[in-house]
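A.B. asks: These protein sequence lines are chains A and B, in that order.
When we follow my numbering, the leftmost residue of the first sequence carries the number 9, and every step to the right adds one.
When we follow my numbering, the leftmost residue of the second sequence carries the number 150, and every step to the right adds one.
Keep in mind that the hints were calculated from the coordinates and are not lab data.
Here the structure is a predicted model, which is why all the values come from computation and not from measurement.
The beta carbon of each residue, even a glycine, is placed where N, CA and C say it ideally should be.
Check the hints yourself; a few may be wrong.
As the list claims (entries may be wrong) - Partial chain A-side listing against chain B, Cβ under 8 Å, derived:
| hint | residue |
| --- | --- |
| 1 | Thr42 |
| 2 | Gln50 |
| 3 | Gly51 |
| 4 | Pro52 |
| 5 | Phe54 |
| 6 | Gln57 |
| 7 | Tyr95 |
| 8 | Phe113 |
| 9 | Gly114 |
| 10 | Ser115 |
| 11 | Gly116 |
Stated by the list, open to error - Only part of the chain B face toward chain A is listed, based on derived beta-carbon distances under 10 Å:
| hint | residue |
| --- | --- |
| 12 | Leu240 |
| 13 | Ile254 |
| 14 | Gln255 |
| 15 | Gly258 |
| 16 | Ala259 |
| 17 | Arg262 |
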Amino acid sequence: LAKTTQPISMDSYEGQEVNITCSHNNIATNDYITWYQQFPSQGPRFIIQGYKTKVTNEVASLFIPADRKSSTLSLPRVSLSDTAVYYCLVGDTAVSSGSARQLTFGSGTQLTVLP
Amino acid sequence: GAGVSQSPSNKVTEKGKDVELRCDPISGHTALYWYRQRLGQGLEFLIYFQGNSAPDKSGLPSDRFSAERTGESVSTLTIQRTQQEDSAVYLCASSAVPGSLAKNIQYFGAGTRLSVL
Chain A
9 LAKTTQPISM DSYEGQEVNI TCSHNNIATN DYITWYQQFP SQGPRFIIQG YKTKVTNEVA
69 SLFIPADRKS STLSLPRVSL SDTAVYYCLV GDTAVSSGSA RQLTFGSGTQ LTVLP
Chain B
150 GAGVSQSPSN KVTEKGKDVE LRCDPISGHT ALYWYRQRLG QGLEFLIYFQ GNSAPDKSGL
210 PSDRFSAERT GESVSTLTIQ RTQQEDSAVY LCASSAVPGS LAKNIQYFGA GTRLSVL
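All chains should be modelled from the sequences, with the hints used to inform the complete structure.
C.D. replies: What follows is the structure in structure tokens.
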């Protein structure tokens, strides 16, 4: 089970780029890295997922170095509405029948975007 | 429905009573997860269902907690003899597991906020 470590909180200003790094030193070969965003009183929402190198979608980029022991979520030009808790989750997405994986989200990173 | 639905959205109960929380996953999703989230904390895994396989109950904190799932549809989480420390938001998620190399993205409901007085 890959344990993840993230900063507890980060502050940023509107329009800036924000990078949140997650450490996962004991990531397994089959593990993917997934990031979720959670607003108050809501369930987490998928942002982006990757295995190695760089992944980009319409809302974020995910940078994963060759050793895969960390990953960085990059949010370009944040706005006030990006204020939320961001979770890094590392686990095997190839969940096979009869073999379940205990998943630990950790405490996440509280991102506060200031005007 | 379009997403994962949980009911009730809020539940207030007295210490010692039993409660049942319901989760309706996205149609066609074979995997279903229950998590507990205490105020200001991360998500704590409770139980996982995958198709017709035996569920992974390794995250259940005590024998007062149990969960069932009918086929690949509705799941109920039951907490017996509730205690004040059970107060939390209980989140349900479902995901599709179409193949061994497919992404397993979890889609969450809004949760049930349980308050034990």
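A.B. asks: Could you run down the list of hints and mark each one as holding or not?
C.D. replies: Each hint tested on the structure:
About 7 Å separates the beta-carbon of A/Thr42 from the nearest beta-carbon of chain B, less than 8 Å, and the hint is met. For A/Gln50, the suggested interface contact is upheld, since its CB lies about 6 Å from the closest CB of chain B, less than 8 Å. With 8 Å as the threshold, the beta carbon of A/Gly51 comes within range of chain B, its nearest partner Cβ sitting at about 3 Å, so the hint holds. At about 5 Å, the closest approach between the beta carbon of A/Pro52 and any beta carbon in chain B falls short of 8 Å, and the interface hint on this residue holds.
For A/Phe54, the suggested interface contact is upheld, since its CB lies about 5 Å from the closest CB of chain B, less than 8 Å. For the restraint placing A/Gln57 at the interface with chain B, the shortest Cβ-Cβ distance is roughly 6 Å, inside the 8 Å limit, so the hint holds. Because the smallest distance between the Cβ of A/Tyr95 and any Cβ of chain B comes to about 7 Å, under 8 Å, the interface hint for this residue holds. Evaluation of the A/Phe113 hint against chain B yields a held restraint, the C-beta minimum of about 4 Å falling below 8 Å.
Hint on A/Gly114 holds. Least Cβ distance to chain B is approximately 5 Å, under the 8 Å limit. The interface hint given for A/Ser115 holds, since its Cβ lies 4 Å from the closest Cβ of chain B, which is under the 8 Å cut-off. Annotation: A/Gly116 was flagged as interfacial toward chain B, and the flag holds, the nearest CB pair being 5 Å apart, inside 8 Å. With a cut of 10 Å, the hint placing B/Leu240 at the interface with chain A holds, because the nearest CB-to-CB distance is about 5 Å.
Checking B/Ile254 against chain A by beta carbon gives a least distance of about 5 Å; that is within 10 Å, so the hint holds. Taking 10 Å as the C-beta cut-off, the interface hint given for B/Gln255 holds, the closest approach to chain A being about 7 Å. Checking B/Gly258 against chain A by beta carbon gives a least distance of about 5 Å; that is within 10 Å, so the hint holds. Satisfaction of the interface hint for B/Ala259 is found here, the shortest Cβ-Cβ separation to chain A being roughly 6 Å, below the 10 Å cut-off.
For the restraint placing B/Arg262 at the interface with chain A, the shortest Cβ-Cβ distance is roughly 8 Å, inside the 10 Å limit, so the hint holds.
No hint from the list above goes unmet by this structure.
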